[in-house]
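*Asks:* Sequence:
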Amino acid sequence: MEGITMAELVLRPYSSDWPRVFEQVRVELESEFAPTLIRIEHIGSTAVPGLSAKPVIDLALGASILETYEEHIEGLQQRGFNYVNKYEHILPMRRYFIHSGFQGFRIHVHGLITDGELWKQHIYFRDQLRQSSELRLAYERLKIDLAQKHLHEKEKYTEAKAPFIQSVLATMPKSPLSSLKSLGPKSQEMLEAAGIHHLDDLQRLGSVAAYAQVKQVCPKASLNLLWALESALTGMPWQEVSRQHRTTLLLALEDLARRN
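Numbering (our numbering), first residue to last: 167 to 426.
Source of the hints: derived by calculation from the structure; they are not laboratory data.
The structure presented is a predicted model; accordingly, all values stated were derived computationally and were not measured.
Even glycine gets a Cβ: it sits at the ideal position worked out from N, Cα and C.
Treat the hints loosely; a few may be bogus.
Dumping the calculated DMTMM-like pairs for lysine to aspartate or glutamate here, alpha-carbon to alpha-carbon at most 25 Å [as the list claims (entries may be wrong)]:
(1) 340 <-> 366
(2) 252 <-> 421
(3) 320 <-> 183
(4) 327 <-> 293
(5) 322 <-> 254
(6) 381 <-> 367
(7) 252 <-> 281
(8) 340 <-> 207
(9) 340 <-> 311
(10) 252 <-> 198
(11) 381 <-> 358
(12) 327 <-> 254
(13) 252 <-> 237
(14) 347 <-> 366
Distance windows between CB atoms, simulated [claimed, not checked]:
(15) 319 <-> 255: 19 to 27 Å
(16) 200 <-> 315: 42 to 50 Å
(17) 333 <-> 193: 31 to 39 Å
(18) 197 <-> 422: 34 to 42 Å
(19) 299 <-> 405: 44 to 52 Å
Please take these sequences and the hints and turn them into a complete structure.
*Replies:* Following this line, the structure appears as structure tokens:
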């Protein structure tokens, strides 16, 4: 298949250069974060042998708390990985970095919580494509078709892929709330009463919206639940959440109330 031109990107046949560049980026990132150990995985279409893709190398970094990435923003930017925060209102559990010219490739780095829902989704989708030639072929055909339909509309191309991706993620086993050891039985009971039954429900809503939803059915829920939810999602001890992020969370809660 020849390259299909998009606004600034192309779909290209699978290349052995992609895992090679991933390994080079991995070494660079391990050097930046040392001695802290982080998990680094090649994700996205360039991580799937045989699949055509935009020549963009996506990496998922896994750390226990998001602050690990925030502490390295300056160091990463010195290495050419620019911090992009404009999507954090949509994906609050991700810290995003872009390198626009690593060995001639564009690199997207997704700083995630190890084994958090976003991490699991990226790995699951990649592994499903790697394991199923039928699924891989269907996804490739879809991408080629969408690239032709949305030749100069990158955002529409990305949006049009979403139903396929969600259909695959729908087969992923859901993590129960009990997997969050920092949430006690009473907190889990209130979440269940508010219709929040799985970890991915909580990840999707975020701590503030989840707390607001709980308050609708459990008016006596205290702010300690908000601190606990933020702690469960970020890995930060709830006492630190209360001390360091209290004002930010309360302002977000007020803003949500105004909008609703």
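*Asks:* Now, for every hint given, state plainly whether the structure supports it.
*Replies:* Hints, verified against the model:
1. For a cut-off of 25 Å, the pair hint linking residue 340 to residue 366 stands: about 7 Å separates their Cα positions.
2. Straight-line distance between C-alpha atoms of residue 252 and residue 421 comes to about 18 Å, which keeps the hinted pair within the 25 Å bound.
3. The hinted pair formed by residue 320 and residue 183 meets the criterion: a straight-line CA distance of about 23 Å does not exceed 25 Å.
4. Annotation: proposed proximity of residue 327 to residue 293 holds, straight-line Cα distance about 17 Å (limit 25 Å).
5. A threshold of 25 Å between alpha carbons decides the hint, and for residue 322 with residue 254 the separation of about 20 Å falls inside it, so the pair holds.
6. Note on residue 381 and residue 367: the hinted pairing holds, with a Cα-Cα distance of about 16 Å set against a maximum of 25 Å.
7. Straight-line distance between C-alpha atoms of residue 252 and residue 281 comes to about 24 Å, which keeps the hinted pair within the 25 Å bound.
8. A distance of roughly 21 Å separates the Cα atoms of residue 340 and residue 207; the hinted pair therefore holds under the 25 Å criterion.
9. Of the supplied pair hints, the one linking residue 340 and residue 311 is violated, its CA atoms being roughly 31 Å apart against a limit of 25 Å.
10. The straight-line distance between the Cα atoms of residue 252 and residue 198 is roughly 23 Å, inside the 25 Å bound, and the hint therefore holds.
11. Among the hinted pairs, residue 381 with residue 358 is consistent with the structure: their alpha-carbon atoms are about 12 Å apart, no more than 25 Å.
12. A threshold of 25 Å between alpha carbons decides the hint, and for residue 327 with residue 254 the separation of about 21 Å falls inside it, so the pair holds.
13. Distance check on the hinted pair: residue 252 and residue 237 sit about 18 Å apart at the alpha-carbon level, within 25 Å; holds.
14. Distance hint between residue 347 and residue 366 is fulfilled; the C-alpha atoms sit about 15 Å from each other, no more than 25 Å.
15. Between residue 319 and residue 255 the beta carbons are some 23 Å apart, a value that agrees with the proposed interval 19 to 27 Å.
16. Judged by the Cβ atoms, the range 42 to 50 Å given for residue 200 and residue 315 holds: they are separated by roughly 45 Å.
17. The hint said 31 to 39 Å for the Cβ distance between residue 333 and residue 193, and at roughly 35 Å that hint holds.
18. For residue 197 and residue 422, the Cβ-Cβ distance of about 40 Å falls inside the hinted range of 34 to 42 Å, so the restraint holds.
19. For residue 299 and residue 405, the Cβ-Cβ distance of about 50 Å falls inside the hinted range of 44 to 52 Å, so the restraint holds.
Of the numbered hints stated above, the single one contradicted by the structure is hint 9.
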